Amino acid sequence: MQQDLFKIVHDTISVEEVSNQVSRREAGAITLFVGTVREFTKGKRTLSLEYQAYESMAVKMLSQIGEEIKGKWPDTCVAITHRIGKLEITDIAVVIAVSSPHRKTAYRANEYAIERIKQIVPIWKKEFWEDGTMWMGDQLETTKYPEGKPDEEE
Amino acid sequence: MITVLFFAGIREEIGSDKLNIDMENITIYQLKQYLLNNYSLSSFNQVMTAINESFVTDDEIIKDQDIIAFIPPVSGG
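Residue numbers (the working numbering), protein chains in the order written: chain A, 1 to 154; chain B, 1 to 77.
Do not take every clue at face value.
Said to hold, decoys possible - Here are the computed lysine-lysine pairs in the BS3-like style, where the Cα-Cα straight-line distance is at most 27 angstroms:
1) A:K86 x B:K32
2) A:K104 x A:K44
3) A:K72 x A:K118
4) A:K126 x A:K104
5) A:K7 x A:K126
6) A:K86 x A:K70
7) A:K42 x B:K18
8) B:K63 x A:K126
9) A:K7 x B:K18
10) A:K104 x B:K18
11) A:K42 x A:K104
12) B:K32 x B:K63
13) A:K126 x A:K70
14) B:K32 x A:K126
15) A:K70 x A:K7
16) B:K32 x A:K42
17) A:K44 x A:K72
18) A:K104 x B:K32
19) A:K126 x B:K18
20) A:K60 x A:K44
21) B:K18 x B:K63
Bear in mind the hints are in silico, worked out from the structure with no lab data behind them. Keep in mind it's a predicted model, so treat the numbers as computed, not measured.
Just chain A, same shape as in the assembly (with noise of 0.2 angstroms):
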């Protein structure tokens, strides 16, 4: 197994770089997740984003979502680089690859990925709006998430 197959980084993340590694003879697909930061939310202009995590939980949380994937799918291979910090609209923030004999199961996988990611990894998204800042999901009620996670579509 390929070291820092799961990753946060602080600086720009290379597409590419997360696609090679997963990379390998015996892929006929390579699906990849590319998550940005959105303009406009609901009606709501981002000015731009902020991502904290607790960095070294959250690396350990990536790998056993690979785990759980591996269980699923033994015949994938997943690479995931999350970035933190100051993010600006457009700016990539996750990026998710998985490599399989057939794409079926690296689309499923992939999907499989982004919705773990949302629900186990600590990683928190502090939104700046032209009027004022908010932790996504913190116990405002203004961003209560119902089901203690976020919706879907976001």
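Dock chain B against the given chain A, drawing on the hints supplied.
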């Protein structure tokens, strides 16, 4: 002595990213009550807790040297 880590909104309410507290052999629930009584916190509603980077429940007993992290709803990705 235990170390308690805070993140996101809770970090801003506590005013620090961590506290060293001279307590042990208490439950997570008791630690939460202690923090709620001593700091200006809105609540621990929806917060998950980890001891030494593994998620635990409120009944878990905290031992000397443990690192406890309070994890508000996450929003990575």
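Hint by hint, here is what the structure shows:
The hinted pair formed by K86 (chain A) and K32 (chain B) fails the criterion: a straight-line CA distance of about 30 angstroms is larger than 27 angstroms. At most 27 angstroms may separate the alpha-carbon atoms for a hinted pair to count; K104 (chain A) and K44 (chain A) exceed this at roughly 35 angstroms. Straight-line distance between C-alpha atoms of K72 (chain A) and K118 (chain A) comes to about 19 angstroms, which keeps the hinted pair within the 27 angstroms bound. Simply put, K126 (chain A) and K104 (chain A) have alpha-carbon atoms about 34 angstroms apart, too far for the 27 angstroms limit, and the pair is violated.
Under the criterion of a C-alpha separation no larger than 27 angstroms, the hint pairing K7 (chain A) with K126 (chain A) is consistent with the structure, at around 20 angstroms. Taken as a hint, the K86 (chain A) and K70 (chain A) pair is broken in the structure, with Cα atoms around 32 angstroms apart against an allowance of 27 angstroms. For the suggested pair K42 (chain A) and K18 (chain B), the alpha carbons sit about 35 angstroms apart, so the restraint of at most 27 angstroms is broken. Simply put, K63 (chain B) and K126 (chain A) have alpha-carbon atoms about 32 angstroms apart, too far for the 27 angstroms limit, and the pair is violated.
Between K7 (chain A) and K18 (chain B) the CA atoms are separated by roughly 23 angstroms; this keeps the pair inside 27 angstroms, and the hint holds. Annotation: proposed proximity of K104 (chain A) to K18 (chain B) is violated, straight-line Cα distance about 44 angstroms (limit 27 angstroms). Simply put, K42 (chain A) and K104 (chain A) have alpha-carbon atoms about 32 angstroms apart, too far for the 27 angstroms limit, and the pair is violated. Our distance criterion of 27 angstroms between C-alpha atoms is met by K32 (chain B) and K63 (chain B), whose separation comes to about 15 angstroms.
With a CA separation close to 32 angstroms, the supplied pair K126 (chain A) and K70 (chain A) exceeds the 27 angstroms bound. Among the hinted pairs, K32 (chain B) with K126 (chain A) is consistent with the structure: their alpha-carbon atoms are about 24 angstroms apart, no more than 27 angstroms. Among the hinted pairs, K70 (chain A) with K7 (chain A) is consistent with the structure: their alpha-carbon atoms are about 18 angstroms apart, no more than 27 angstroms. This hinted pair does not check out: K32 (chain B) and K42 (chain A) have alpha carbons roughly 35 angstroms apart, beyond 27 angstroms.
Distance check on the hinted pair: K44 (chain A) and K72 (chain A) sit about 38 angstroms apart at the alpha-carbon level, beyond 27 angstroms; violated. Annotation: proposed proximity of K104 (chain A) to K32 (chain B) is violated, straight-line Cα distance about 45 angstroms (limit 27 angstroms). Of the supplied pair hints, the one linking K126 (chain A) and K18 (chain B) holds, its CA atoms being roughly 19 angstroms apart against a limit of 27 angstroms. A distance of roughly 34 angstroms separates the Cα atoms of K60 (chain A) and K44 (chain A); the hinted pair therefore is violated under the 27 angstroms criterion.
Of the pairs offered as hints, the one joining K18 (chain B) and K63 (chain B) holds, with about 17 angstroms between alpha carbons and a cut-off of 27 angstroms not exceeded.
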